[in-house]
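Chain order of the listed sequences is A and B. Numbering-wise, the working numbering comes out as the position in the first sequence, counting from 1, plus 423. Numbering-wise, the working numbering comes out as the position in the second sequence, counting from 1, plus 1.
Hints are computed from structural coordinates only; laboratory data are not their basis. Just so it is clear, CB atoms sit at the ideal spot from N, CA and C, and this is done for glycine as well. Errors might be hidden in some of the hints.
[Stated by the list, open to error] For lysine-lysine, the following DSS-like pairs were computed, each having C-alpha atoms within a straight-line distance of at most 25 Å:
1) A:K1055 x A:K812
2) B:K58 x A:K436
3) A:K909 x B:K17
4) A:K436 x B:K96
5) B:K96 x A:K899
6) A:K1055 x B:K96
7) A:K899 x A:K986
8) B:K17 x A:K436
9) A:K1009 x A:K990
10) A:K986 x A:K945
[Said to hold, decoys possible] Listed next, the stretches of chain A that the computed footprint assigns to chain B, with coverage defined by at least 3 CB atoms under 8 Å from CB atoms of chain B:
11) 429-435
12) 498-510
13) 880-892
14) 1095-1102
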Amino acid sequence: MKNYDIHQHVQGKSIFIDDMRLPAGTLHAEIFTSNIAHGIITSIDTSAALASKGVVDIFSASDIPGENQVGGMIKDESLFAESEVHYVGQPILLVVAESKLEARKALSKIKIEYDKLKPILNPREAFIKGSLIAPPVTFELGNISAVWDECDFIEEGTVESGGQEHLYLETQAAAAIPHEGEKIKVYSSTQAPTATQRVVAGILGIPMNKVEVDVLRLGGGFGGKEDQASPFAAMAALAANKLNKPVKLVLNRQDDIRITGKRHPYSSDFKIGFSHEGKILAYEVKFFQNAGAAADLSMAVLERTLFHCTNSYFIPNVKATGISCKTNVPPNTAFRGFGGPQAMFVIESAIKKISEKLDVPAYMIQQKNLLREGDEFPYGQRAENCNAKKSWNEALSKFKYEERLQSINQFNLENKFLKKGIAVMPICFGISFTSTFMNQASALVHIYTDGSIGISTAAVEMGQGVNTKIRQIAAKIFSVDISIVKIESTNTTRNANSSPTAASSGADLNGKATELACLNIKERLLNSAKEILNADLSEIKIENGSIFVNEEKKLDWEELISKSFLKRVNLSSHAYYATPKIYFDKSKSKGNAFAYHVYGTAVVETTLDCLRGTYKINSVKAVHDFGESFSKTIDLGQAEGAIIQGIGWMTMEEICHDLNGRLLSNALSTYKIPDIHFTPDEFEVHFLEGAKNPMGIFNSKAIGEPPFMYGIGAYFAILDSMKAHNKNLDYDFKAPMTPERVLLTLSKNIKTKIHK
Amino acid sequence: MQMIAIEFNLNGILVKAEVNPGVRLIDFLRDEYGLTGTKEGCGIGECGACTIILDGKAVNSCLILACQIDGKEILTIEGLANSGELHRLQENFLKKGAVQCGFCTPGMIISAYSLLLLNPNPAEQEIREAIAGNLCRCTGYKQIISAIEESIVVNIEND
Ligand code: FES
Ligand code: FES
Chain A
424 MKNYDIHQHV
434 QGKSIFIDDM
444 RLPAGTLHAE
454 IFTSNIAHGI
464 ITSIDTSAAL
474 ASKGVVDIFS
484 ASDIPGENQV
494 GGMIKDESLF
504 AESEVHYVGQ
514 PILLVVAESK
524 LEARKALSKI
534 KIEYDKLKPI
544 LNPREAFIKG
554 SLIAPPVTFE
564 LGNISAVWDE
574 CDFIEEGTVE
584 SGGQEHLYLE
594 TQAAAAIPHE
604 GEKIKVYSST
614 QAPTATQRVV
624 AGILGIPMNK
634 VEVDVLRLGG
644 GFGGKEDQAS
654 PFAAMAALAA
664 NKLNKPVKLV
674 LNRQDDIRIT
684 GKRHPYSSDF
694 KIGFSHEGKI
704 LAYEVKFFQN
714 AGAAADLSMA
724 VLERTLFHCT
734 NSYFIPNVKA
744 TGISCKTNVP
754 PNTAFRGFGG
764 PQAMFVIESA
774 IKKISEKLDV
784 PAYMIQQKNL
794 LREGDEFPYG
804 QRAENCNAKK
814 SWNEALSKFK
824 YEERLQSINQ
834 FNLENKFLKK
844 GIAVMPICFG
854 ISFTSTFMNQ
864 ASALVHIYTD
874 GSIGISTAAV
884 EMGQGVNTKI
894 RQIAAKIFSV
904 DISIVKIEST
914 NTTRNANSSP
924 TAASSGADLN
934 GKATELACLN
944 IKERLLNSAK
954 EILNADLSEI
964 KIENGSIFVN
974 EEKKLDWEEL
984 ISKSFLKRVN
994 LSSHAYYATP
1004 KIYFDKSKSK
1014 GNAFAYHVYG
1024 TAVVETTLDC
1034 LRGTYKINSV
1044 KAVHDFGESF
1054 SKTIDLGQAE
1064 GAIIQGIGWM
1074 TMEEICHDLN
1084 GRLLSNALST
1094 YKIPDIHFTP
1104 DEFEVHFLEG
1114 AKNPMGIFNS
1124 KAIGEPPFMY
1134 GIGAYFAILD
1144 SMKAHNKNLD
1154 YDFKAPMTPE
1164 RVLLTLSKNI
1174 KTKIHK
Chain B
2 MQMIAIEFNL
12 NGILVKAEVN
22 PGVRLIDFLR
32 DEYGLTGTKE
42 GCGIGECGAC
52 TIILDGKAVN
62 SCLILACQID
72 GKEILTIEGL
82 ANSGELHRLQ
92 ENFLKKGAVQ
102 CGFCTPGMII
112 SAYSLLLLNP
122 NPAEQEIREA
132 IAGNLCRCTG
142 YKQIISAIEE
152 SIVVNIEND
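Excised from the complex, chain B in its bound form:
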């Protein structure tokens, strides 16, 4: 099969690669770059465990082909902490007990991050809308909502 050359920004670093046109983005990130924080929970766009940020928007990486990211910017959970310092969402997920088995957590945090990028001060209903595509089988979502809410307050104070 003809390989396709792509260039993209991965967690702040410009990379070049040759990809098989049939490879899903999730597999590409996991297998080629060892970015295993992006998880596969369903493979059909229903669980959100594979959520990443593509040009500023949260997308399911199981539904995208690697060759589609040419020229784009990708942020995965591994790129969220700033030189070892956790992002406030990560801190608040820890603080609020929003994490149990952790399998849904990267996708959950990335979706929340994307929400706060687009809407720095979301109401609870908007948080629910933004996270509706991310399933968690362990928690009752309550602590996830409060972790995200807590992250808003911090944001306002910083501004």
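Chain A extracted, bound-state conformation:
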């Protein structure tokens, strides 16, 4: 089954916000932002901009009727800066004009002056200066201080991972249309319609029932539109509300990259204790998270870092501390993996250190420490239906790991400057929002009198195929052709108080709610058929759009529906689903935080040109735990896309600032994401067999995020290539491993050789 929207997509007919036919007279907005990283605004002069052709109005913090606040977890972020600015790109004013071009032209006529303050750009510097978002959080298992003495070896190290720009192809966008009675309808490219509704209501100072948020689809989200779509919706709504005219705000790419937050960069310290045999006994890790200038979702992201600090390994004694540091860059935010990838990169680096110390290949250390059934995670949950070893064994045998190692060694013996490398990357990722209350969803199912079906859920379609999955669920339960099932836009008046479509949970939560709603109606229909056909319930079956009594066809689906309607049977259902059995006690950092875990193992191979520093990812092969996938094309597409994005984060995607906190990689010319050349020649994702998951919809597992972390394997494969060139390579654990970094590292080592 394929993605539902795509028939429109291939013809260019799908409507994104910028494509909407808005009423004549719609105005266009552009954002005026800070161009310094930290300072106090001393004067703003908008007179020339206001007089500029086509300009209708300019809005600032003082025009906000409600509260100038967009912070979700902590109320620490204003929509428009009032006096102090905290990062380059922070919104200060909104210019509204008759056309986009006129609004754009007016921006350059605004005069602003600041008293500059020194920005903090580095999380460790922020920590030293006490600039934190929230107090540090610690997860502990066993007794770390008691076991250091029992370890044969202890290694320590520092690991740095960089940020990542979401680069959803559709930039942030919103259109707001005023309605009677101070009501406002907002079309937003948001993953979180309810959060957007709340922020808009707060800014306008009106109750949530006067704000309707509607989302048709997103041109990609990846977490970047979970918390950060709302401010743009609020800006459009503010202007529309004041001017009583529709207002559209679509960011251009440079503004989007400059204004919005990214994946959190981390700087981490680890200490790892292990035995002669490579068994890990103790692991202490401290994560310094670069949160940017406001909380956004940083604490939740940091928490997931702690949840996944041991990846798919069992370590009996763990102490993991996370510190969310406040700096002068845009507030960093959710991004596929949500802090998990950063944690896994650190433990994999620590394992690499162990392997170097013991002089055995890293995969042997990984293998020795894999999670087994019943093992305890640092947060107290135990591994159930654990597929860590299963996927590992299957991957290594299927991909003939040992043989490939040998052929790689042979290749490296025969080639002086081209070196191959290989790495295995296992993953274990927990599924559920770690804030337990967010694990809820609702679905509204209508069967119309002609038999066609319309479904509204809280899920937002952003390319992940959730709408197709929901259609499949309904079609399967009613046993009707999928073509009669339609998914409506995601709208806060149909599904209220919804959680964002995030944490890979969209299909699980909304699929389960849809299942419940469909089952409710189906039960009524069966009872109705019983009366209409004067038969016993046990004899009636609905199958392939027909109603049978004892295998004899009696009615069409359409007949059953129209007859049931005349009998006054309720053909609609609104159902609600909350994930059972999960809880997490934040005060103790313990609990059954996840409904289940997703496992898998990937093998990555690279070839490095040691003279140029350029590399090729030759092969990525994974055995992934999809549960029992009921949408194989969609799930495979998700896995492949996630892997490429993960490799991008680890290798080529580099966010650069200058010393004043100005973003240098602010356009697609300077920030590079994987293109088609980047796709490995061998790229295979296999379905792990026998991985039934009773906690997921139709026994499937969530797919959005977990495969992202296979990308970490690319880093270690390239490192392996580098070490094939120089066994005693002196290097830092620092990602992304750009060709420049490869070359600098290799050449640094050559110099030391010459000096000696």
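Go by the hints and put chain B with the ligands onto chain A.
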């Protein structure tokens, strides 16, 4: 500003228009003709979401001015299907799962179409070359390659 009169062929239909010399082709197509299948992903010629066919060749419509198309032939994604029947590339993009969020898809298909116009039987490496200017943030490109490859086979059979 002095408007410029132009005449061009748009998806098979001859049209006349007056354009502001500063207007980009992408905006002209989207705003004047409602051809919103042509998307803006970057505005600087790096993402390929705005790809259209200009006189038989794929170009980035964000880098061209509307007034430059005088006397030329334009094909956008909306003009690819033949009276409701999808082009085989469109069919294969559907069939192979080459589409996720869909934002890159029109540009991707147009680039592939242009490739097949110039080179009906491209090797995988040639496909990669032709699509290298089209970024997709959702897929791993694998299904895109196979959708294009699949379209070649069909072509040969038809010949
Ligand atoms: S919008 Fe034209 S290439 Fe990106
Ligand atoms: S399908 Fe989303 S960018 Fe390609």
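If you draw a straight line from the CA of K58 of chain B to the CA of K436 of chain A, is it 25 Å or shorter?
holds, 22 Å
Residue count check for the region 498-510 of chain A against chain B: does it reach three with CB-CB under 8 Å?
violated (count 0)
Would the pair K909 of chain A and K17 of chain B pass a check requiring their Cα atoms to be no farther apart than 25 Å?
Between K909 of chain A and K17 of chain B the Cα gap is close to 40 Å, so the pair fails against 25 Å, i.e. violated.
Do three or more residues from the region 429-435 of chain A put their C-beta atoms closer than 8 Å to C-beta atoms of chain B?
holds (count 7)
With a C-beta cutoff of 8 Å, work out whether three or more residues of the region 880-892 of chain A approach chain B closely enough for the coverage to hold.
Result for this restraint: holds, n = 4.
Is K1009 of chain A close enough to K990 of chain A, meaning Cα to Cα at most 25 Å?
Distance ~52 Å between K1009 of chain A and K990 of chain A Cα, so the pair is violated.
Within 25 Å, alpha carbon to alpha carbon, are K899 of chain A and K986 of chain A?
holds, 22 Å
In terms of beta carbon proximity below 8 Å, does the region 1095-1102 of chain A have 3 or more residues touching chain B?
Check passed, 7 qualifying residues.
Verify the proposed pairing of K1055 of chain A with K96 of chain B, using a straight-line Cα cut of 25 Å.
holds, 13 Å
Given hint K945 of chain A paired with K986 of chain A - CA-CA distance at most 25 Å:
holds, 14 Å
Hey, K17 of chain B versus K436 of chain A, does the alpha-carbon distance stay inside 25 Å?
holds, 24 Å
Hint consistency between K1055 of chain A and K812 of chain A [alpha-carbon to alpha-carbon, up to 25 Å]:
It holds: about 23 Å lies between the C-alpha atoms, which stays within 25 Å.
Violation of the numbered hints given earlier is confined to hints 3, 9 and 12; the remaining hints are satisfied by the structure.
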